[in-house]
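Residues are numbered in my numbering as their position in the sequence shown, beginning at 1, plus a constant of 715.
Honestly, the hints are just simulated from the structure, not real lab data.
Each hint should be verified, as a subset may be incorrect.
Claimed, not checked - Straight-line alpha carbon distances no greater than 25 Å define the calculated DSS-like cross-link-like pairs of lysine-lysine that follow:
| id | residue 1 | residue 2 |
| --- | --- | --- |
| 1 | 810 | 789 |
| 2 | 789 | 800 |
| 3 | 810 | 778 |
| 4 | 767 | 810 |
Said to hold, decoys possible - Label-pair distances were calculated between CB atoms; the ranges are:
| id | residue 1 | residue 2 | range |
| --- | --- | --- | --- |
| 5 | 812 | 780 | 20 to 30 Å |
| 6 | 722 | 776 | 12 to 22 Å |
| 7 | 727 | 815 | 38 to 48 Å |
| 8 | 721 | 828 | 19 to 29 Å |
| 9 | 829 | 740 | 38 to 48 Å |
Ideal Cβ positions, reconstructed from N, Cα and C, are used throughout, including at glycine.
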Amino acid sequence: VQLQASGGGLVQAGGSLRLSCAASGITFSANAIGWYRQVPGNQREWVATINKDGSTDYADSMKGRFTIYRDNAKNTVYLQMNSLKPEDTAAYYCKTTSWGHAYWGQGTLVTVSS
716 VQLQASGGGL VQAGGSLRLS CAASGITFSA NAIGWYRQVP GNQREWVATI NKDGSTDYAD
776 SMKGRFTIYR DNAKNTVYLQ MNSLKPEDTA AYYCKTTSWG HAYWGQGTLV TVSS
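Model the full assembly from the supplied sequences, consistent with the hints where possible.
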């Protein structure tokens with residue numbers, strides 16, 4: 716199982732970015748995919764999850780600003796991030812669980828300047 720996260724970069728506060736998480740080695744449509752983020756020195760924080768039925772959940776601080784969605788034909792999950800704030804600066808990781816084992820992507824860095 717491999718997850719490849721991409722799309723991070725430097726953006727000004729109020730701007731937008733779209734992250735991608737491309738998966739292989741799993742039955743993609745049967746798996747929930749989550750996004751997490753981590754600032755050095757802090758614990759990894761859950762951001763959002765999209766379930767296999769397409770339903771979504773968000774951490775409170777992301778609701779209304781972030782949108783998670785999936786394209787099963789491309790085995791890819793996206794995280795559209797709008798109205799970015801400096802406190803959104805972090806490394807963003809995608810994760811899935813298959814047969815009880817958690818798999819993480821390598822992370823993509825998002826930097827929001829004030």
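So, going through the hints one by one against the coordinates:
no.: 1; hint: 810 / 789; verdict: 17 Å, holds
no.: 2; hint: 789 / 800; verdict: 29 Å, violated
no.: 3; hint: 810 / 778; verdict: 19 Å, holds
no.: 4; hint: 767 / 810; verdict: 13 Å, holds
no.: 5; hint: 812 / 780: 20 to 30 Å; verdict: 26 Å, holds
no.: 6; hint: 722 / 776: 12 to 22 Å; verdict: 20 Å, holds
no.: 7; hint: 727 / 815: 38 to 48 Å; verdict: 42 Å, holds
no.: 8; hint: 721 / 828: 19 to 29 Å; verdict: 20 Å, holds
no.: 9; hint: 829 / 740: 38 to 48 Å; verdict: 40 Å, holds
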